[in-house]
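Participant: Given next are the chains, with one letter for each unit.
Number of protein chains: 2
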Amino acid sequence: MQGQKPVVTVGLSNVPITGEAGLTCMPDTIIDEVNLEEIDSLLLPGCMDIIMNEDKLINFIKKVATNECIIASISSSPILLAKAGVLKGKKYTVGLTKECMIQSEVFEMANFSEELVVRDGNIITARGRGFIRFGKYLGEALNLTFDENWYKERT
Amino acid sequence: MQGQKPVVTVGLSNVPITGEAGLTCMPDTIIDEVNLEEIDSLLLPGCMDIIMNEDKLINFIKKVATNECIIASISSSPILLAKAGVLKGKKYTVGLTKECMIQSEVFEMANFSEELVVRDGNIITARGRGFIRFGKYLGEALNLTFDENWYKERT
Numbered sequence: 001m002q003g004q005k006p007v008v009t010v011g012l013s014n015v016p017i018t019g020e021a022g023l024t025c026m027p028d029t030i031i032d033e034v035n036l037e038e039i040d041s042l043l044l045p046g047c048m049d050i051i052m053n054e055d056k057l058i059n060f061i062k063k064v065a066t067n068e069c070i071i072a073s074i075s076s077s078p079i080l081l082a083k084a085g086v087l088k089g090k091k092y093t094v095g096l097t098k099e100c101m102i103q104s105e106v107f108e109m110a111n112f113s114e115e116l117v118v119r120d121g122n123i124i125t126a127r128g129r130g131f132i133r134f135g136k137y138l139g140e141a142l143n144l145t146f147d148e149n150w151y152k153e154r155t
Numbered sequence: 001m002q003g004q005k006p007v008v009t010v011g012l013s014n015v016p017i018t019g020e021a022g023l024t025c026m027p028d029t030i031i032d033e034v035n036l037e038e039i040d041s042l043l044l045p046g047c048m049d050i051i052m053n054e055d056k057l058i059n060f061i062k063k064v065a066t067n068e069c070i071i072a073s074i075s076s077s078p079i080l081l082a083k084a085g086v087l088k089g090k091k092y093t094v095g096l097t098k099e100c101m102i103q104s105e106v107f108e109m110a111n112f113s114e115e116l117v118v119r120d121g122n123i124i125t126a127r128g129r130g131f132i133r134f135g136k137y138l139g140e141a142l143n144l145t146f147d148e149n150w151y152k153e154r155t
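Chains A and B are the protein sequences, given in the same order. Under our numbering, the first residue of the first sequence carries the number 1, and numbering increases by one thereafter. Under our numbering, the first residue of the second sequence carries the number 1, and numbering increases by one thereafter.
Please note: incorrect hints may appear among the correct ones.
[Claimed, not checked] Cut-off 16 Å, straight-line C-alpha distance, at most; resulting in silico cross-link-like pairs (EDC-like, lysine to aspartate or glutamate):
1. K5(A) <-> E20(B)
2. K5(A) <-> D40(A)
3. K88(B) <-> E99(B)
4. K62(A) <-> D40(A)
5. K91(B) <-> E54(B)
6. K63(B) <-> E20(B)
7. K152(A) <-> D120(B)
8. K63(A) <-> D32(A)
9. K88(B) <-> D120(B)
10. K5(B) <-> D32(A)
11. K152(B) <-> D32(A)
12. K98(A) <-> D120(A)
[Unchecked claim] Not everything, but these chain A residues come out facing chain B in the computed CB check (under 8 Å):
13. L44
14. S104
15. V106
16. A110
[Unchecked claim] Covered, in the sense of this in silico footprint (three residues per stretch, anywhere, with C-beta under 8 Å from a C-beta of chain B), are these stretches of chain A:
17. 2-11
18. 82-88
These are calculated hints, taken from the structure and not from any lab test. Idealized CB from N, CA, C, for every residue including glycine.
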């Protein structure tokens, strides 16, 4: 990885997780064992099946948020930030339909942005299509050194 | 995944594999157990540590190539195709320096292309930076249905 940033992948449990593209991943650790003193950021990938009632995950996000971490969340996953109260008063975006957002009753609709990627303070949110700019914003927020032109195709 | 294409990940053995970005993946199966009748394509991801003498992998690529499969290979991995003789007489690209290519003594330098992504018949090769167009070419070669605009950021 260009940024040379150590990454720890975290699961709710230590069973392998298969993503929507069919890749099965093993988390490096589980949520109960993360030492909050050792992390400066949290990245939430997108998910097709939105985890609806994972109190453990929501509580983890709350704890991370009080620690001045950078939180980056893409696709449907900003719904987890909304549930954790992390989006209160923040400009954000999310890869969900307006209907889904309203039905969930967790979003402040007035602060929703149509931008593909939004940074408001420590919080970076994106719709799925913004995946490259999302990475760029996260790299910048973490002061990583990387060549952003690498990610831009010449046509 | 948009294209709804079933994917089987293949390892040389069934131990977890950690990529350069720190994600640890479990292969679905091992190279000895792939039924060539059940696959129509082979995708070789990039790798930083080029596997130099994996006869088993080279032989597997040779077998796949005789089966009229689509073979898609990105970053440094086209060196495996060259070793398997699959690039003979084909236009191709690869994410290696010219010096590396010449030292390896397996590439036909005259057929190298400066394009980011090249398709010649059943063979698609790309440099790492071409990852989006690489996916598009592979999806097209497999006649998958997908919205290529999803992968293009509006700026």
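Participant: Does each hint fit the structure? Answer for all of them.
Facilitator: Verification of the supplied hints:
1. K5(A) <-> E20(B): holds, 11 Å
2. K5(A) <-> D40(A): holds, 11 Å
3. K88(B) <-> E99(B): violated, 20 Å
4. K62(A) <-> D40(A): holds, 14 Å
5. K91(B) <-> E54(B): violated, 24 Å
6. K63(B) <-> E20(B): Roughly 28 Å between the alpha carbons, so the hint for K63(B) and E20(B) is violated.
7. K152(A) <-> D120(B): violated, 24 Å
8. K63(A) <-> D32(A): Distance of about 12 Å is within 16 Å: holds.
9. K88(B) <-> D120(B): holds, 11 Å
10. K5(B) <-> D32(A): violated, 35 Å
11. K152(B) <-> D32(A): violated, 38 Å
12. K98(A) <-> D120(A): violated, 21 Å
13. L44: This hint is violated: L44(A) lies away from chain B, its Cβ roughly 15 Å from the closest one there, beyond 8 Å.
14. S104: violated, 23 Å
15. V106: Violated, because the Cβ-Cβ distance from V106(A) to chain B comes to roughly 26 Å (cut-off 8 Å).
16. A110: Violated, because the Cβ-Cβ distance from A110(A) to chain B comes to roughly 23 Å (cut-off 8 Å).
17. 2-11: holds (count 4)
18. 82-88: Violated, because only 0 residues of the region 82-88 of chain A bring their Cβ atoms closer than 8 Å to Cβ atoms of chain B.
In terms of the numbered hints stated before, the structure departs from hints 3, 5, 6, 7, 10, 11, 12, 13, 14, 15, 16, 18, listed from lowest to highest.
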